[in-house]
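Following the hints, put chain U in place on chain W, whose structure we already have.
Read off the chains here:
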Amino acid sequence: MSKIFTPTNQIRLTNVAVVRMKKGGKRFEIACYKNKVVSWRNKVETDLDEVLQARTVFTNVSKGQVAKKEDLLASFGTEDQNVICQEILAKGELQVSEKERHVQQDSMLKEIATMVSDKCVNPETKRPYPVTMIEKAMKDIHFSVKPNRNCKQQTLEVIKMLKTQMPIERAHMRLKITASKEGRKLKEKLVKLCTSIESEEWEDSTLIMVCLIDPGNFREIDDLVRSETRGQGHMDLLNLKEVTEGEETVE
Amino acid sequence: MWTFLQRFLLRLCDGAIVVVDVVEGVCAQTKVVLKQVWLEHIRPVLVLNKIDRLIIEMKMQPLDAYVRMVQLLEQMNAQVAELFTVDVMSKKENITDSSSGLEEADDSNIYFTPEQGNVVFASAADGWGFSLQDFARMFSSKLGLREEELQRSLWGDNYFNTKTKTVTAGAQEKAKKPLFVQVVLENLWSVYDSVVIRKDKIMTEKIVQNLQLQINPRDLKHSDPKVQIHAILSKWLPLSDTVLRMVCEKLPCPSYMSEARAEKLMSSLSKPFELLPEATQQLKTAFVACSSSDDAPTIAFVSKMMVVDRHCLPKNKVRLLSSEDIALRRQQVREKLAQFTMKQEQGDNVAVQEQQVKSEDVLEDGPIFIAFARVFSGTLKRGQELYVLGPKYDPGATIDNSVEPSGALKDLKAGQYVTRAKIGDLYLLMGRELECLESVPAGNVVGIGGLEEHILKSGTLSSSLACPAFTELSQMVMPIVRVAVEPARPCEMPELIKGLKLLNQADPCVQVVLQESGEHVLITAGEVHLQRCLQDLEECYAKIQINASQPIVPFRETIMAPLEPISTSNAGRVQIETPGKRFSMRLRAVSLPEEITNVLEKNVEVIKTMPQIQGPGHLDQTEEEIETNKKLGLQWRSKITKLHHRLNHVFGMNGWGDNAADRILSFGPRRCGPNVLLNYTPITLPCLWNKNPTDIVFERVTLECLNSVINGFQLATLAGPICEEPLHGVAFIIEDIAIAVDQLAPLSHGEDGDSNHNGQSQQQCRSFSGQIMSAVKDGCRRSFTNQPQRLMAAMYNCSIQVSGEVVGKIYAILSRRHGKILEGDLEEGSASFSIAAVLPVVESFDLANEIRKQTSGLASHQLTFSHWEVIDIDPFWVPTTDEELELYGDKGDSINRAHVYMNSVRRRKGLAVSEKVVEFAEKQRTLSRKV
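Heads up: the protein sequence lines correspond to chains W and U, in order.
Using my numbering, the first residue of the first sequence is number 49, and each one after it goes up by one.
Using my numbering, the first residue of the second sequence is number 205, and each one after it goes up by one.
For reference, chain U alone in the conformation it holds in the complex:
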């Protein structure tokens, strides 16, 4: 899990210590870390850890251990070389050079080599560690060699020639012990052998004397050999000293920054350094200089917001009060009391006052956020005012018209990413402890308080607006595990939302999405991460019980009907009428071509604004319409006409006849979806596009009926017959419509009738519009069910990076989950494949876990929503012919995926599912023996 947490801190680092277990070897995790380090241009150093396990657990001989370490180092370097090659190759692509470019590129100082001192051999458990330098110093006099010479030859295939007293190459060839084994490992082994394995007291004492160590006698007498070895070796070869020395010598100084890294920090992927504004480019010198003088611009990068409990802050810590403090407090209390009594005399303000006091109390005990930051240039002082640049801030956009922003993050309008903030307290981060500071010079890592209002997850602090915003790192691990969270007690919803907001701020790897169904979906990077997030939510952010479950997956319903819009065949044609036969209509459901639904889906926003232009047809409204038209921007109107023409064109191309778009009465569901209601009757009805229906006068009855028809259509498209999910890409065609106007006439001109009759007719009229609505809804459903029905599933775009050896397993996982592989290619220069696939959302639950398990973590994947896809199985299909029965059994549920999905949705919604309570009557448990 730490891989994705530390990546946010990498940006602040100058170097990295890569720790590898000599027993486990190079794992997938190690490769990921190395890659990340490489991408960020950070110098790594290597620690080979757990060498004690080679001795005690594996019982290896010094020579075997040496061979193992050599191999391990080779593997590590192979990884580095691979990264290097990919880098060079990608550069070569830009230049389009015929030569590979590998020969020219200098790769001499990127590898891990003990001679150079960037490798430490250690056992953290026993507290020791050494580099070649240590042993070279120890043995130079003994072997009669110079220290530097020995250090150069200590690692590698060399042996010590006792006769000539020189180091000669080719130990393996001559079956001699390599120098490293002879000088270093054998000594270590002998210490372990005598202390831990043979537990030889005399020998142990002798070793201590030989090494001239001062060791606490109590440790030496300790019965546990582990304590003894720890005491001896941590004195002899202290790990902390060795590692610290390596870091100091081999890693760049915090105040040094190479030009390349400065450029990399300042430019993002989309915007190369050369394109940045002039003033911004000049800031590079400030980065490189890393000066902490007052005239240097102050630049700091906040990589994350840490949560700290309020009472952990130094200022809130309990400390002894001096007498002045006590006097001061007494004074304050007295003043407050005086104020209070005065207020009480005034009477009315008391309640307000009390409330204020209360709200202050509430503020006091919540967790607070401290920004984890690194100062790149200048000096950060308490109380300093700086610009806070959001991650999306672009120096080019605002540099000329210097904005003077104020206020907090939430006051910002869209497109604004700058606020001005006063630096609160500065803290020195010492593990859990915080120490207050007055100022922090460049190159240091610091905790900053008082930025909650200004920074959400990460941001940049700068005294100049020319500074570019540091972007987030190239994301290697995307949040992928999705669960729906809800409070255990429904009344605690507000607490949950508050908690989720805090969590989102505190953890850069979490996404929280509020879905259309009202679910809060928490997206985390992995199962372990999820567990921790839920625990954090329960214990410190929301402080309520939380349930997590599989999120609801939406479906769509559609029909497959390759029918012409105007056809004589009777398929899917439905005749409906209201009771009393005053209204009748003939309907047909036809599937819309994909092109049309695409156009409709892309223009949802445009369609949504259309009712504002015009309600569905009112003749006495023209003036008002003109009014509203004026109000609506010209822009929208032109968009609508554009959509109209586009639709006409697309309909025409798909053989729906000319001007089919003019026939559209409504879109659905919610008047903006990918389904349409079309008018193919000889009667002209007020249509969607016609803004000024002055030429034709419609009767009020027709309009009212049409309104009900449209409402019925909306209801039908919102919930389909398969499992009450919205429809997608269905056109309902009205072929004929008949309204018995004469019977309705008195209703619409009801003013001249007597009041009693009037009331009655209203009653009728109302129920009549309801009747039409339900009849139309019913008719739409029936015409839908008359066609071959299909379910549509939401699909994820799934891109997977996987190393070559487990590609097969990924394919198996995807096919088991009904995914489709679009492409799978070898990435140039590396041994890993990148696979692109689509996967149904329903099948994606627990995918992250399965992939991780099956591939031992060698694959990483990302999921993004891509499209709706028809599942090409009739959800009601059951085997009928003998062959099918033989193949699938008489239920066929093993292969009918659509049927399974449909039933699961229906069961969730409490709809009737065609399932028997008990499958086999004879196989029930006999409850009573007597009849």
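Isolated chain W (complex conformation):
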């Protein structure tokens, strides 16, 4: 009879996500469960046993090679596997699993859509578009979320792209500009930047103007008011976004 080798004392791990870290010229790995590491890093998961498959530090998880004590001591300054595991969990490299990436992209897309709907209006009705519609429009223009750029930047991009698809524009800001000096010169320059001027009054040489502007031009106008009037100008933000409020019955 031939002898069959049965590894009774061998523990096989399934569903492993490996987190790696290089420290002190050595590579260390820990074996974690899939889809759990990001939750741990977001502090949503608090139970370490739900994240780690084994509280052991490896040099190679797939081969089952456990890190030597001397190496650990040399690199981490401690022998406590728990502490080291937590450090690797927090700082190590990791391949983000498909589900995690999906969740992240999804929430980012929703956040961008919410921001677009918050910032923009339908120019005909001066009312925002519902988020679901923005999401659909984003899908139509084949917009894809870039995970390494922040939401606000991407929002501004999306708005530009959406303009080709549907009547949409950023909600206007209402400003009140007071300039006691050089009012005329300032006005000429402001007119180009404003979308519309609601009222304009002159008192002696003081200009008082209420205008609607595109929020993208706010900085430019702010600069202009300050520099042209040499500090004698003043700007009040009357309304952050000019939208029609309240419910309305369509008839």
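None of these hints come from the bench; they were simulated from the model.
Check the hints yourself; a few may be wrong.
Pair ranges (Cβ atoms, derived) [stated by the list, open to error]:
1. T1085/U with D97/W: 22 to 30 Å
2. A483/U with K211/W: 42 to 50 Å
3. A942/U with V92/W: 34 to 42 Å
4. T297/W with D225/U: 33 to 41 Å
5. E1119/U with T243/W: 37 to 45 Å
6. T297/W with A1016/U: 31 to 39 Å
7. S978/U with G125/W: 36 to 44 Å
Chain U is faced by these chain W residues, among others (derived, beta-carbon under 7 Å) [as the list claims (entries may be wrong)]:
8. F53
9. T162
10. M181
11. E296
Computed from a predicted model, the values in this text were never measured in an experiment.
Ideal Cβ placement from N, Cα and C applies to all residues, glycine included.
Chain U alone, transformed into the frame defined by chain W:
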């Protein structure tokens, strides 16, 4: 669904045919219809339908069927009696008479009794129907009785005594067959038995011969017994004749109108007939006379606008052209061509011309509206000019200063409800077909074209301004099912809006609301109605694909802090400073008492006008301010001072110290909401109410900083930390504020510095105001989160009418949806309860369906927005103690409603939700076996 559609037509009717299925019996629907008919003072007649089912499906004996019909009639009459009692009781309340009044009230002719001839027994499927009169005529000679006598005794507990040849009462007692069974039902049964059940050809022929009927032999030879029975019985007892005769005999003539009904038509609930102006009261005679002579005033009521495809109109129908027509057309084309070439020579006008032609084309193929109307008095002629009175028109208001209105509906100003319209084409409505008419005399129902511009849903046409506007009927079914609709392709928004407008005009039961979030919410009367509305929108009004979804439900965020405004405890106190420590501030968030938020919410309009009086403080602006003050009406200013005093009073009552309202720096969000920013620092800051801050001179730096602070406060109140929803009833108190003025000094007096330095300082200054803004926003959020936070849910006021047997189920539904029952009382004189409850808006989706299913349609409800209510659970609460853990598990999400709402909103907005991607690490699917 038809119940709420037909109710708009009831106003035009003189009578109603109530059809009841003898197998199903009296259903909830039947009761609703009866009630509606009763309320409108319309005479009903009854048709007991589907008697064939009793024979074929139920296999009943004639006697059983008779008993069933008697019971059914009793039930119907019980309903009528109930309505009658409620009516009498309500009248009695007005008179405050000690006796019930029921005895005196005459109720003899309101019931359904076959003897009186207002009941028809029928089977519409087999095409037959009869009243007692038919059989009385048939059998009077056979039984040797007079026709009238037989008709009187045919229904009821009577039997035919063969010995004495008389009809005697008490059939049941003596175990005899009632006359109705003997004479009517047994004959019918035998016909069915031989034709349908036994399929006896010889017998069938014999019956036909006996009844002396002329029947198409092909029908008789037909293999399907249904066809045979239909052929025989529809010849013997034709349904249409019977029903028409009953309608003619029992229902009032169109040209007859009782005084009571005329008064009811003319007066609305809010305005009884006696209060109407003299001239209007005189018009009653015109209603009652119903004369179609030329000198009678013309009065017509339009109950709805029907949509008809343009090419269905008679004038647009394809017909053969006569030679003159062809010649005429040729001439027209020639002229056009000549014009065109002339224009082309002129050159520039061509484009305009073409555009006009195009727009005409577009007009041509859309659906058009035809007003469905009834003429009450006078004669309606084509081309006649009449006043169109809107539903809100009040004859008393305009009768003296006779307005000469012109133009269409959209040109009307607020408070004006009259236009003058030329009657377009008149149509005779023949089912789908329309026939053109020249004039329509009083009493008729007619379709009128050319009123789209003047009537939205319903209206009144009159030659006299004294005529009152017919109001809409008392609404029994309110629109309740809400969905948000949006086009499948976002660029098709304008089409959707156009379609919704058309739908709103065409369907009186639809409401369309544009919400603050930009959603178009379609409110319909029920799920079935909704389906039809969406289909109509897709197929004929908007002609685009449409998605319907659950509407977004708004929330509010607030804190629960029973704290004194001035307190030494450190709870919720937050210290903020900008980088570089040039600006620092101490903040505290405190919850506002409900009284104050109520005052603020009621005066939103007043608060909104305040910035027009004064921007937040400019010392060099006083003259201009006076100018604007002059422009603003005195009225507004007095309102503002009134609000100021009121706020001071309310703040004082709630222990916020004297003149707390003077400390208000701003309201938020959007400068008009129910949150306030208060200044409790020793420094005086320019406040909201002070219109003339001449006594104190503020430094420009302070003002600019304050501006940024207020903007930061606005941002913080617009989106709270729980789920980015607006705050409600939170006061942020500034306890200390410090600005390092010296460092800023060169910035504000930057004119004497060299240009390079100037530019740099501006850069700093700008970023500085931004820094303050974000620091304040952050501080507000932190001080908010330091307090116990709560979500607030919008609540619906829910009033439910429900019949007694299913009250329990309604209570169960409401409690499952976290509703609160305020009261539930038995309505006097009837068996139904009316329940008042409040229900969170979030939980109201699909409520209509559930109620209808659970109660089998025995309950009807209405929802209206009532208020914001705090959900008294901390959205972040999780079980901590052992007992709690044992009770709720370690998540506690089964009971934490606020947590569920919060997460759903956060998920919708793409905010971080504290949820794990995978709940249990070990319970994932193993994807690869090898490590």
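Going through the hints against the structure:
no.	hint	verdict
1	T1085/U with D97/W: 22 to 30 Å	holds (23 Å)
2	A483/U with K211/W: 42 to 50 Å	violated (59 Å)
3	A942/U with V92/W: 34 to 42 Å	holds (39 Å)
4	T297/W with D225/U: 33 to 41 Å	holds (39 Å)
5	E1119/U with T243/W: 37 to 45 Å	holds (42 Å)
6	T297/W with A1016/U: 31 to 39 Å	holds (34 Å)
7	S978/U with G125/W: 36 to 44 Å	holds (40 Å)
8	F53	violated (18 Å)
9	T162	holds (5 Å)
10	M181	holds (5 Å)
11	E296	holds (4 Å)
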